[in-house]
Amino acid sequence: MSNQRSAMGKRRKPLTTDTLFSLLIVVPSVVLVGIFVYGFIGWTGIVSLVKWNSVNPDFTFVGLRNYVSLFDSFRFQSDLRNMIFFSILFIAGVIVLGQGIALLLEARIKGKWLFRNIFLFPMAMSFVVTGVVWRWLFNPQSGINLFLSKFGIAPGWYTDISIFPGWKWFKVEFGLPVALIPVLVAAIWQMTGFSLAMYVAGLGNVPEELKEAASIDGASKWKIMTKVLIPQLRPITFGLVLIMFQISLKIFDLVYTMTGSGPNFVTDMPAVYMYETTFRNNYYAEGAAISMIMLLIVMIFIIPYLSRQRGED
Amino acid sequence: MKSINKFNSIIGIVLLLPLVLFGCSSNTNSVSSNEGSGADASQQVELDILSWWTAGGEADALNAVLDGFHAAHPDILVENAAVAGGAGSNAQTVLATRLAGGDPPAIFQAQGGPDLLRWQESDSLEALTGFYDEFGWKDVIPETLLQMNTVDNEIYGLPINVHRNNVIWYNKKVLDENGLQPPTTYDEFFTTAEALKAKGITPLALGDKNPRWATLLLETALLDQLGADGIAKLWTGDVDFDTPEVRAAIGIYQKMLTYTNENHSALDWQDAAELIVSGDAAMMIMGDWASGFFASKNMEPNVDYGWITTPSKEKIFNVVNDSMGMPKGVANQEAVKKLVEYFGSVEGQKAFNKLKGSIPARTDVDVSDYSLYSQSAAQDFKDSKIVLSLAGGSATPAAFINKFDELINMLTYQQDADAFVQALNEAKTILKGN
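Residue numbers (our numbering), protein chains in the order written: chain A, 1 to 313; chain B, 1 to 434.
Chain A on its own, in the form it takes in the complex (with noise of 0.2 Å):
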């Protein structure tokens, strides 16, 4: 008993130079995290709930006029009904595509690091450069259509308008809006490397005796692809749904560089929506209320995803 406490004791005892060490080397990003993080957060909060609507300061409290606004607008109404077409999406195609290309792979070994190192690559590129190129490549009047004109297609790709299959949503038309078909093609092309590389790497770690158990007990290849191979890679597909998530719901640069807001906001996502609002009209508060209804979507994802991985450890 005695021999415990002292051992416990010890352990408590503060200052050695290790625990100064990690102490030393986890306080400053602690603060700037604090600050320039959870700091920021807070005051973006504070900021949505007053007036301030020009470059001079108002802070007069209007409660949640701003949001209110927000989501009474045909723009932001456009802006949600496009998130969610899109995050959907772009989660499938990458997933099913980079997950698909893997097992191809996995299937024909010969040249595997090839083939996964020229899918990686359009992710090497910024989405500024991929925007500038997809928006000529779709472009209805040069482009591919040059091409599909041979056959006598010409649609109208991001110019396009119409809303699939459209109906009555608020101010707005519900259903995906078919110019966010080309975005959604340039932002999958970029991000399946990605997830790819991912699956490569997973396919790796699944252990050959479970390979080999279910062809010696006289399973098919594709039976050892759907009730082996595929349960195995489960928890890489979960972490790309939260990465691709993120990066769907924050998606700004490559909607900017290549269809802007789009007529009749058909491509304008909500960051869009922030950074014009914020830095063109400075309404700050009308901005800063953009940016928590985006926290707020990200957390009602993230959260759930924490407390399963606490639930883990």
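Warning: the hint list may mix true and false statements.
Unchecked claim - In silico DSS-like pairs for lysine-lysine, Cα to Cα no more than 30 Å straight-line: (1) B:Lys403 - A:Lys168; (2) B:Lys233 - A:Lys51; (3) A:Lys250 - B:Lys382; (4) B:Lys172 - B:Lys233; (5) B:Lys403 - A:Lys51; (6) B:Lys199 - A:Lys150; (7) B:Lys138 - B:Lys172; (8) B:Lys350 - B:Lys403; (9) B:Lys197 - A:Lys150; (10) B:Lys428 - A:Lys168; (11) A:Lys168 - A:Lys250; (12) A:Lys51 - B:Lys432; (13) B:Lys313 - B:Lys382; (14) B:Lys385 - B:Lys172.
Quick caveat, the hints were computed from the structure, so don't treat them as lab data.
None of the values given here were measured: they were computed from a predicted structure.
Given the coordinates of chain A, assemble chain B onto it according to the supplied hints.
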């Protein structure tokens, strides 16, 4: 021993961190125009000028003025603290920070009108009325430009340059080949457009990826329907937007859209101007910076391309303007005054505007060595009614123009004039400053 070394290096890192973080924050784009000066350094005073003139001709224009100033006042160093990006919004963010932090630039660029005067509202601006009296600027700068920067009989801004944006640019060869004349009324415009359309030529090139250029189309129609006085009243927020004249202008705008290139929402204005260069389109409504664009494409004025003001019942010059403001609490007041004086002088305005491709805000500057277009614009500036442009940023606060852009984006595709007019009436609160 090893861990003590580690300890020291960590302490070092912790101490250096603030330097790294905050040392980077003072990197203004400093291009000083004073190299090789012979003046005694101890007598020199330093000033800086904040602007977003960072590209091509604009940057050259600013440097020309600073060089000229330095030649006249070798004892004053002027640092060019221009900030690039965001169509000026980055520079304005820097300005706001510097004014709030008690480190104002000596003088700064703003768009004349509400954009400049919001700094007066926050009591950050020095009145320049004294300069106007002393140097007689009131006699040489048009009344409209004085009024736009005036609050309670004090003038807070010095107009530097003037662009015009109610201009139809046309490919002269295309019009000539089809036996057509540039239109002087909207009826003529649509007759001409119909004739061009029949020949398979796009009558009106438009690039409204940035909806501001759609706003400009509607603004020019409003100029025709409301006239100079009517449109100025419209932007005060005191009158109803739902009038027959506004409705008629919307009608003209909607009709114009039917004569534009189909992919207009994919294009910037430069892409649209390319359609004029190539002859795929015949006409385009754009600010007179387009003249510089056509010249850069080796087009000859009055041979390859021509211009005419947009149709209107009276002769109107729709102004896009930059003005200089002088913050309160700047050090070296005497030197700053000399700089302001130079920007307002014939010499300063002449040097700046020639390279910028605009015309001087002063009407007494000799522009005979300016481009053909600029000479004609300077003449029109003297004998037209001057109107502050909405799309040019001088007529209303930025928030209203941006709202207008948002609404016109919807009008263009939803074709709902009722909703447009109603939303404009709701946006009057922005004009009223609430």
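Results for each hint:
A hinted pair counts as satisfied when its Cα atoms are at most 30 Å apart, and Lys403 of chain B with Lys168 of chain A qualifies at roughly 24 Å. At roughly 27 Å between alpha-carbon atoms, Lys233 of chain B and Lys51 of chain A fall within 30 Å of each other, so this suggested pair holds. Between Lys250 of chain A and Lys382 of chain B, the direct Cα distance comes to roughly 50 Å. Violation of the 30 Å bound is thereby established for this hinted pair. For the hint pairing Lys172 of chain B with Lys233 of chain B, the CA-to-CA distance comes to about 36 Å; that exceeds 30 Å, so the pair is violated.
In summary, the hint linking Lys403 of chain B to Lys51 of chain A is supported, as the alpha carbons are separated by about 18 Å, within the 30 Å threshold. Using a Cα cut-off of 30 Å, the hinted pair Lys199 of chain B and Lys150 of chain A holds, with the two alpha carbons roughly 23 Å apart. Under the criterion of a C-alpha separation no larger than 30 Å, the hint pairing Lys138 of chain B with Lys172 of chain B is inconsistent with the structure, at around 39 Å. This hinted pair does not check out: Lys350 of chain B and Lys403 of chain B have alpha carbons roughly 35 Å apart, beyond 30 Å.
About 24 Å separates the Cα atoms of Lys197 of chain B and Lys150 of chain A, which keeps this hinted pair within 30 Å; it holds. Only pairs whose Cα atoms come within 30 Å are accepted, and Lys428 of chain B paired with Lys168 of chain A is accepted, the gap being roughly 28 Å. Using a Cα cut-off of 30 Å, the hinted pair Lys168 of chain A and Lys250 of chain A holds, with the two alpha carbons roughly 26 Å apart. Proposed proximity of Lys51 of chain A and Lys432 of chain B is supported: the alpha carbons are some 15 Å apart, at most 30 Å.
Taking the CA atoms of Lys313 of chain B and Lys382 of chain B, the gap is near 18 Å; set against the 30 Å cutoff, the hint holds. Restraint check for Lys385 of chain B and Lys172 of chain B: the C-alpha separation of about 27 Å stays at or below 30 Å, so the hint holds.
Going through the hint list in order, the structure does not satisfy hints 3, 4, 7 and 8.
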